[in-house]
Each structure stands twice: as structure tokens, then as C-alpha cells.
Amino acid sequence: MFNFSYKTQRYLILFGFLIIPVILSLTFSYYPAISLLYYSLTDWTGLGWDMNFIGLDNYVEIFTKPEVFSTLKNNLYYLGGGLVQVVFALYFAVILTGKLKGRNGFRVALFLPYVLHSVATVIMFKNVYHMEYGSLNTLLGALGLDSWQQSWLGDKRIVNFALAFISMWKYMGLNMVIFIGALQSIPGDLYEAASIDGASGWQKFRYITLPSIRGVLELMLILTLTGALEAFDIPFVMMLGANDTSTFVIHTVNTAFKYQNFGLASAMAVVLLIMVLLFIVIQRKLLFREGRSE
Amino acid sequence: MKRERSIAMTIFNYYTLAVALFVVFFPIYSIAVGAFKTQVEYYQSGLALPDNFFNLENFKRVIDIGDLGLGFRNILIILAISVAGNIVLGTMVAYAVGRFDFKLKKAIMGMYLVAQVIPMVTTQVATFSVIQSLGAYNTMLAPILLYLGADVLQIVIYLQFVNSIPKDLDESAMIEGASLFKIYRSIIFPLLAPATATLIILKSISIYNDFYTPYLYMPKQDLKVVSTAIYSFIGPNAAQLNVISAGILIIFIPTVVLFLFMQRYIFAGVTNGAVK
Chain A
1 MFNFSYKTQR YLILFGFLII PVILSLTFSY YPAISLLYYS LTDWTGLGWD MNFIGLDNYV
61 EIFTKPEVFS TLKNNLYYLG GGLVQVVFAL YFAVILTGKL KGRNGFRVAL FLPYVLHSVA
121 TVIMFKNVYH MEYGSLNTLL GALGLDSWQQ SWLGDKRIVN FALAFISMWK YMGLNMVIFI
181 GALQSIPGDL YEAASIDGAS GWQKFRYITL PSIRGVLELM LILTLTGALE AFDIPFVMML
241 GANDTSTFVI HTVNTAFKYQ NFGLASAMAV VLLIMVLLFI VIQRKLLFRE GRSE
Chain B
1 MKRERSIAMT IFNYYTLAVA LFVVFFPIYS IAVGAFKTQV EYYQSGLALP DNFFNLENFK
61 RVIDIGDLGL GFRNILIILA ISVAGNIVLG TMVAYAVGRF DFKLKKAIMG MYLVAQVIPM
121 VTTQVATFSV IQSLGAYNTM LAPILLYLGA DVLQIVIYLQ FVNSIPKDLD ESAMIEGASL
181 FKIYRSIIFP LLAPATATLI ILKSISIYND FYTPYLYMPK QDLKVVSTAI YSFIGPNAAQ
241 LNVISAGILI IFIPTVVLFL FMQRYIFAGV TNGAVK
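Quick mapping for you: the protein sequence lines, in order, are chains A and B. Residue numbers are given in my numbering: position 51 of the first sequence equals residue 51, and the series is strictly consecutive. Residue numbers are given in my numbering: position 152 of the second sequence equals residue 152, and the series is strictly consecutive.
Only chain A is shown next, with the shape it has when bound in the complex (with noise of 0.2 Å):
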């Protein structure tokens, strides 16, 4: 190809060098969403390749069954959970960017949680809420807490609060670090102008840096809203969705592959697929309306 010109060769370089990537990615984003929209209108049980067209009975069959909704509010434990931690990296995000001794080693501990293998940390927690041998049972009966020990796992009411955290533990993190590296794109100087018109902390918070990361904070409200709506991980290797702690994926997965009914799972996968669409939108919308009336 060396001896083609350069107009030639650019249009090699464009086509041999995208081609690849773009079937990759029609082939495993695309082609499926576009099939689970067929798949969800037949009762294709994914053993053979039979299905007949059996037009929207398997959405008749989601909206009509009440038991495929109410997995969904398991999934608003894990929505909770994500706002608490999203708070929580925010304020840790704000005092490590501040002047603080050790901050460097402050966030690579707090971040240590995300890199840890995910199945083997919802294990570890499987270990510390241990009703008999659990750490976390032990540690409160040492501090002398003995009333505060609990079944983590085994009180219905408990459980999925129990299971949030692990999300939080992990992903509280990942989450500070994103917003520490929008608030370093703040420019300082900012902050010395509003000092010298005597700004208290707070007011330097509200009117700086809530605005200046607005885009950030809007990202990670989408992900902590998709993110619960996805939660799958953690429930299912913990649980297995026992004690009603089965989440809308969870449900899904296991209509697909457990029960053999590909065609309502895709359905239900589609339903899912709408929600997510549907709050990003709607966010969207919603800030962008407040930010034009700003």
C-alpha cells in the first residue's frame, strides 16, 4: 500500500480501520436490541430455534402479572443506596481536592474497594453478616452492642439493605474519583475572588462548585438510576434472589435461562430496556429546564 496515493490510501486507512470495529459493534449492541424486539412479540423458549409470532401476549402477560413488577421495588434499595453514596463521594471528592495532609493516600484507600473482584467481595460480605460467625455480629458484641446483632441476611426486612451497602462499599469510590477530577477542572481563582468578598464554605459550595460539576453529577445520577435498575450481581451470587431479594434482571435472567421462556424474558428485557430510556430522558429534561431558567 505504500506506493498508492495519498487520497488512496486514505480510504484504506478509513475502511480497513473501522470496519472491524463496527461489525463488532452491530453484531453485539445492535443486532441484539434490534432481535429482542422480535424475540419479545413470539414464545421462543431458546432451547431449539422454533418460535412462532405471537404479537404482544408476552407484554399482556408482564403488565397483567403482578409478580414481575414487584421484583422492581427491590431494585429502589439499591436506588437509595446509590443517592446516599453519591452524597458521600461528593463530600469526601470535596475535602481531598482541599488542603489535607495524606490526601494521595486517603484516595487510594477509599478507591480500593472498586478494583477488588466483584463475586469475591460479595462473598467477603457473605462472611462478615454471618448470623453466628459474622465479623460485623462479633465486632458489636465486643463494643458491647449485643442488642444491635442481627440475621443480615436471613430478616426480610434487613436483607436488601444489607445487599445496597456492598454496592455502596464498592462503587462509593469509583464515584469520588470522578467527581475529584471535575472539581480539579475548576479554576482556583474563582474561589480566591469569592474568599475575598467574604463567602463562607458553604456559599463557596453552592454557588462554585455545584454549578461548575453539574454535567459530572447529572452523568452520575443517570448511572446510580440505570445502575439500580441493572443491579444483578450482587443479589444473585449472595442469594440467588432468595428471600425476596430478587431484583427486575435477576427475574429476567432466570425467566430466560431457568424457565426456558426467551420470548417473555426479551419481552420483560425490552420493558426494562424503555425504563432506562425514559429516565434519562426525563432527567434530561428536568435539568436542563433548571439550568435554562438560571
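Think of the hints as simulated: they come from the structure by calculation, not from any bench. Honestly, I wouldn't trust all of these hints.
Only pairs whose alpha carbons sit at most 25 Å apart, straight line, appear in this in silico BS3-like list of lysine-lysine [stated by the list, open to error]:
| # | chain 1 | residue 1 | chain 2 | residue 2 |
| --- | --- | --- | --- | --- |
| 1 | A | K204 | A | K73 |
| 2 | A | K7 | B | K105 |
| 3 | A | K7 | B | K106 |
| 4 | A | K99 | A | K204 |
| 5 | B | K167 | B | K105 |
| 6 | B | K105 | B | K182 |
| 7 | A | K285 | B | K106 |
| 8 | B | K167 | B | K106 |
| 9 | A | K101 | A | K204 |
| 10 | B | K182 | A | K7 |
| 11 | A | K73 | A | K156 |
| 12 | B | K167 | A | K7 |
| 13 | B | K103 | B | K182 |
| 14 | A | K65 | A | K156 |
| 15 | A | K7 | B | K103 |
| 16 | A | K258 | A | K65 |
| 17 | B | K167 | B | K103 |
| 18 | B | K167 | B | K182 |
| 19 | A | K258 | B | K220 |
| 20 | B | K167 | B | K60 |
Put chain B on the given structure of chain A with help from the hints.
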């Protein structure tokens, strides 16, 4: 007055950091000490340090029961191929999109953006049938194909670096008669090294930690990876808590070591990606 308040703030900040560190390290501490205890000791000694830090019995047992050696071998093969592919494809897309203007440029960038919004988990049902019809089900090809595609974060990070490389470099190379491919190979690709370092770490960690893909696409025993190997501990043949602790600790080690050595790059990569 103001001074006192700022001292109080600093104390409060350190106090909250101390609490956060305790929350982060308490679970890790409890399995780390548990991993060195004998079974009787584990159930009696609570949170105390182990009697003998050289008691490696649990580690030996868990490597045997869980077939961890096999798990590490398989994930290494998958990692090496997918990460290498990722680097090649990611840099190629960034070069093509960053250096040339062409009709489909916007369409291609848009394609990656939209793909990011489609939640991976929802399309698994359909992806499963694609993998099956390619004959990749229950082979290492399945996860490799799924990990190979460049994602939008990767392209954004690479594009930022490509844009920061002056175009004069390309032009002077062209005057000397270098082909466009040669410019990619001997100018662009080497100068993208810092971004590549970030991506190697982030991708390796996310692939190593992924449970879903190997669990669904490679259920075969010989193909277990670290994720699925540890998952089988908690099945019906669950081992004792002290042995499980040892397993967790072993699995934590590779990414922790990688992270501690390379944290500078990780933080740089994540924070740069966020500002954009």
C-alpha cells in the same frame, strides 16, 4: 473565631475519613485474619489476630478445591487476547476518527454513544443467540468477542490524546514519504502509550472482575475463570468460612497489586474521562 471554625472543620474531616477507612477496611481485615486461622480457631477467636501467620493450609486447600490454578490460567488467556485486541482496535478508531474528515464520522461516533446507553444486561438474551449461532458458546471465543469491541469511554480517552498530538508531525512524515499506515504505526500508536496504560489497567480489572459473561457463556468445567471458580465455592459443596476467606484473599491480590503500582495512571485516566 474563623480560625477556630476551620480547625473544627479539619478535625471533623479527619474524623469522617477515619470512619470511612474503618468501613472500607473492616471487612477486608476480617477475612484477611480469618484466612490464616484453623477451623476451630476461626469459630472461637472472633476478630483477634491469627495464632500463626504461617498457617497456609487454607490457601492450599482452596486452590485445590476451587481449581483456582485453572481459573487463573483461563482468565489470563482471555485477558491477554481481549486487551491486546482492544488496544489495537481502540487506537485505530481514534486515529481514523481523530485525523480524517469523512461523511460517516458523526454516524460512527453516534453509534458508539447510543450503544453505551443500551444496558448490556437487557440484550444478553439476544446476544446469547448470536454467540450460539457463531458457534462460540462454551468456548473462550465467546467472552473474547464480547470484550473486544471498543467502548465509548475508550474512544473518548484515546481521542483526547490523538487531538493533543500536533498534526505537524504527520505532515512532516508525509513530506518524507511515509504512508498513512506508517504514521499510525510509528507516530500515533507510540505516542498514545499513556492512554494505553490507563486502558490496560481499567479493562483488565473489569474483565477479571466480570462474572456475568463467563457464567452465561462458558459453563463448561474446563473453562472456569476466577469469577466462576469462586462462585462454585458457595454452592452445595461450600467449604468452611476460613477456607473461603483464603480464597477471597487470593483472588483479591492480583488487582490490588496492579492497582497499587499503577494508581497514578488509573486516577489520571478516570479523572480525564470525567471532565470531558
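- Message: Please list, smallest to largest, the hint numbers that this structure does not respect.
- Response: When the structure is compared with the hints, numbers 1, 20 turn out to be violated.
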